[in-house]
Amino acid sequence: MLRDTWTEATRNLRVVPRSPDLMIFALVQPVMFVLLFVYVFGGSIEIPGFATYQQYLLPGIFAQTVLFGSGFTGAGVAEDMQKGLIERLRSLPMSQSAVLIGRTVSDLVRNTVTFAVMLLVGFFVGFRFEGSIPAAVAASALLLGFGYAFSWIMALIGLSVSSVETVNSAGFVWMFPITFVSSTFVDPSTFPTPLRWFADINPFTAATNASRALYNGYSPGRDLLLSIGWAIGISVVFGYLANRRFARANRT
Amino acid sequence: METIGLAKRFKDVEALRGLDLVIAEATVLGVLGPNGAGKTTAVRILTTLLRPDGGRAFVDGIDVVAEPHRVRARIGLTGQDAAVDERLTGRENLDYVGRLHHLGPRMSRQRAGELLDQFDLADAGDRVVKGYSGGMRRRLDIAMSLVARPSVLFLDEPTTGLDPRSRLAMWDLIADLVAEGTTTLLTTQNLEEADRLADRIAVINRGSVIAEGGPDELKQRMGGSRIEIEVRDPADADGAVEALWPLCAEGCRVRRQGRVVTLPVTDGAQLVPEVVRAMDAAGIAIDDVAMRRPTLDDVFLNLTGHRADEAQDQAPEPARP
Ligand SMILES: Nc1ncnc2c1ncn2[C@@H]1O[C@H](COP(=O)(O)OP(=O)(O)O)[C@@H](O)[C@H]1O
Ligand SMILES: [Mg+2]
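Residue numbers (this note's numbering), protein chains in the order written: chain Z, 1 to 252; chain Y, 1 to 321.
Please keep in mind that the hints were generated in silico from the structure rather than gathered at the bench. Glycine is no exception: its CB is placed at the ideal position from the N, C-alpha and C atoms. Heads up, some of the hints might be wrong.
[What the hints assert, rightly or not] Footprint (simulated), chain Z over chain Y, 3 or more residues, beta carbon under 8 Å:
| # | segment |
| --- | --- |
| 1 | 46 to 58 |
| 2 | 74 to 84 |
| 3 | 193 to 205 |
[To be verified] When the alpha-carbon atoms are kept at most 25 Å apart in a straight line, the in silico SDA-like pairs for lysine to any residue are as follows:
| # | chain 1 | residue 1 | chain 2 | residue 2 |
| --- | --- | --- | --- | --- |
| 4 | Z | Lys83 | Y | Ser208 |
| 5 | Z | Lys83 | Y | Leu162 |
| 6 | Y | Lys219 | Y | Ser208 |
| 7 | Z | Lys83 | Z | Arg244 |
| 8 | Z | Lys83 | Y | Lys219 |
| 9 | Y | Lys11 | Y | Ser208 |
| 10 | Z | Lys83 | Y | Arg127 |
[To be verified] Using C-beta positions, here's what the derived DEER-type ranges look like:
| # | chain 1 | residue 1 | chain 2 | residue 2 | range |
| --- | --- | --- | --- | --- | --- |
| 11 | Y | Glu114 | Z | Phe172 | 45 to 51 Å |
| 12 | Y | Val276 | Z | Ser162 | 26 to 32 Å |
| 13 | Y | Arg109 | Z | Gly43 | 55 to 61 Å |
| 14 | Z | Arg245 | Y | Glu212 | 36 to 42 Å |
| 15 | Y | Gln118 | Z | Ala141 | 56 to 62 Å |
| 16 | Y | Thr160 | Z | Leu27 | 38 to 44 Å |
| 17 | Y | Phe10 | Z | Thr10 | 34 to 40 Å |
| 18 | Y | Val22 | Z | Phe25 | 50 to 56 Å |
| 19 | Z | Ser19 | Y | Thr295 | 41 to 47 Å |
| 20 | Z | Trp174 | Y | Gln118 | 56 to 62 Å |
| 21 | Z | Ser162 | Y | Gln270 | 52 to 58 Å |
| 22 | Y | Glu114 | Z | Ala141 | 42 to 48 Å |
| 23 | Y | Ala290 | Z | Thr10 | 53 to 59 Å |
Okay, chain Y solo, but in the shape it has when bound (with noise of 0.2 Å):
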């Protein structure tokens, strides 16, 4: 799957400028970027329902534009929002898009059956959707978009608005799929998601990648995690960078900003004691200690200068019809 200059806009907004990339067979793309980056047209793009104003994308080397037909044959969309018939239980909705896809009653009905087990939906399966919770949900959704075994697989965003426990399983059941060799690409907000599941990474920013690499070139050129201290009195602030500094790697630097202290580590919790007693010995009062990972801001700040978001010609995302 590849997509060369891909270009898109919407009346004022340019959604697309110039995108380009490449998933090789049997690894998982991340596209990470921030709300409006242009993520989900990039996917729309890739699974025939939008077409782009310029530029190309091919699925399996055959055009999207010009043989959208060939190319429905051969992906799975899971969408952004659920795209399951809530009045169907879940063994039907498989079944329905079994159908659909011609692999015939009894095919539709075996794979339905196969699915379910895979989802852990067994037991939900005929029960009528409009029950089941969001990480159910989300679960068959994806099932349905692996009923005809797609070659390329779209995963947009799919642990948005999960609850930590779900984002988790959901986070097991990707990697067990992507463990089977399929083609992946996904999209996601979250770092620590592209980190655990992709092979590579695209960093996409205002339609276009702004860096591209393996999980662990990036998280280098990102910046790695940092302990975090809020001393009680801004004016210990200073004795606090002064008793850290012992425990900085060769390079590092502690910085302060008003009463808060930051400390950045390689790798490592285990600082997070050590930083205590050297606070407790200076005799330094502290409200907070936190342990920080680097976070979608902290690899725009890194990479762009200024931070995610809020780029001023941008719109907020409008609910689509």
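Bound-form chain Z, shown alone (with noise of 0.2 Å):
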């Protein structure tokens, strides 16, 4: 099964610098929106407990780019099924759980990629790491592995719906709101009441405290312990529905 998932990973990865536009596209999106929140609203907004707002704001960005990031994997899902191609993989003598672990790891590889730019960009506009750099790589690695689960939900998207257009419009119909309704961009504290009672419980929120509080020499408390079980528990529940439904996926 190891050897199928690391084909399948190279499958998709070798593609990747084939079409640099789709890596741009990528990048495009948090680069302005680092571009514009810091340099246009960033100095009307004052977070406490952080010197500058960059400090504030490129956690929430990073864990934006990595949850966008995994809209990768439903596209590629739902292109594979368009072409057939996942019929003929269905014939193979494959370990056929290796289809999607396969493409969900590639696509971790990707979003690896993207998020070391990001970091890079986010250095250019005046982010530091205030804390140690174990605490920086596991804020990094917290929000990797949250982008991963979240390639999972979007791999069950991928396998439900019939076109590659379907599926970028279904994931941002969840992603905007869960990462607009949270602490992305600013302190929930401000939203009216069922919009903060939506952010307190958005993992989205966890994860993106957790990191920025790792990034700034904070002790992430609860968040920490809080948004590893959202990563793991959205892995292990998508991760099995989306092997589920590959299985049966027309064999009904």
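Dock the two chains into a complex; use the hints.
Structure, rendered in structure tokens:
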């Protein structure tokens, strides 16, 4: 199974440099957000406990970047389904779960590259690691793990809809509320009550807060365990659902 | 490879109703049937992609439902849509399938090279598939199903959607494969294709076999070729029938329908000039003369007494996700 997963992952990674536009497109949006929020709104936003708005904002942007990056998983799965390639794979004597695991793993690698570029962009606009290096590494790993978990949600969506375009719109339907109604850009304590309530239970808030604390040298408190729990929980539940769906797709 | 009483229903469509097929080793079975007859459904069951509701299917004596994994190691599938990764090169696609068959990196690479040569893709092998023509894609697709030297090859409508030239090239290619002794199940809607490539033909309609036999045997039952002429003036049609009688072999009947007069012939286009001369001699002006080979429609007309397809209870084929 490991061998098949590796074969699948390398197939997906091999083509990444062949369509650099996809990679660039994945970076344009977060870079624009950084510039917009830092230079347009940045002056008027002050958040207690953070020396600059950058220190607050960038972890949120990182989190949003990995989340949107998981959209590639859905598009890739839907494309394979559409092209009939999945039919061939299902007729091969390979491990069937390797198809989706290979896909999510290769998207994790892709996400890591995007993330690294965003870190550089962050440094460029004045973001700094205020805590220890291990804490910063932990924060980054946490966010990437979160992106991996969301890849499974997107894989399930990719298996369930009929076209790549639908995956993209289906992804945005939940990705936008989940990133905006959270602590990504501003402190949710200023939100109206129902939104604040949503922001509080939003796993995205926990992940952003935990990594933000780690990058800034604070203790992440219960947000750390909470977000690790979410990432593992989502991966297990949606990994199971997606693989089950894959095994059954068209078999009935 | 064998199926016994295979049945499958999709909601309100009975795709297969007791399908029986057998292929002897190193022979080609042509499964001939109109759109919606159940060809793809049968192939998908045999290739472990779909579970049957009833009946049994075996590949190399192995039950496809009970031991799908063992079956998968022995089959090659070229489905109706080219199942290739467009972003990879031809060579990478082949290499990739070799690895998924666990041939190992070296063997996979070597096999990819061999197949590129064999399928006339050596020059295009290092180009990305996105730029391939339809015929090239189809060839690559078939090559991908041969990577692990399967003991049974499934080709689901391999020439549908190809232009006439690529179709001929594809026929040659399949004929070569078959000559090497690859046991093959080939589905098609094209009578000539089945005739050219298959050792035995099973005609299927609405999910079951309605005729089975060698190509010659079946063609006899299906009626042979005919010459059709279209006279300019409908009033001349009876005169044309009269004039063509002498060209008719024993037991044959000239028929007319409106301005079209039909002369059954056992073989040959060589009669066409004689037909034209006969019309000339009778002073009948014609708009068109053509040689017609029996089509799937004729087969169905002969075997079932009604035309293929328009069977009322069959929904048009939906796009599968
Ligand atoms: N996945 C499916 N869901 C519902 N109906 C299907 C499905 N696959 C095939 N059918 C129906 O089953 C019948 C046989 O289809 P198919 O095997 O694709 O025929 P063929 O390949 O001979 O054109 C058709 O009426 C088709 O509409
Ligand atoms: Mg079909």
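So which of the earlier hints does this model not fit? As far as the earlier hints go, 3, 4, 8, 12, 15 and 20 are violated by this structure, in ascending order.
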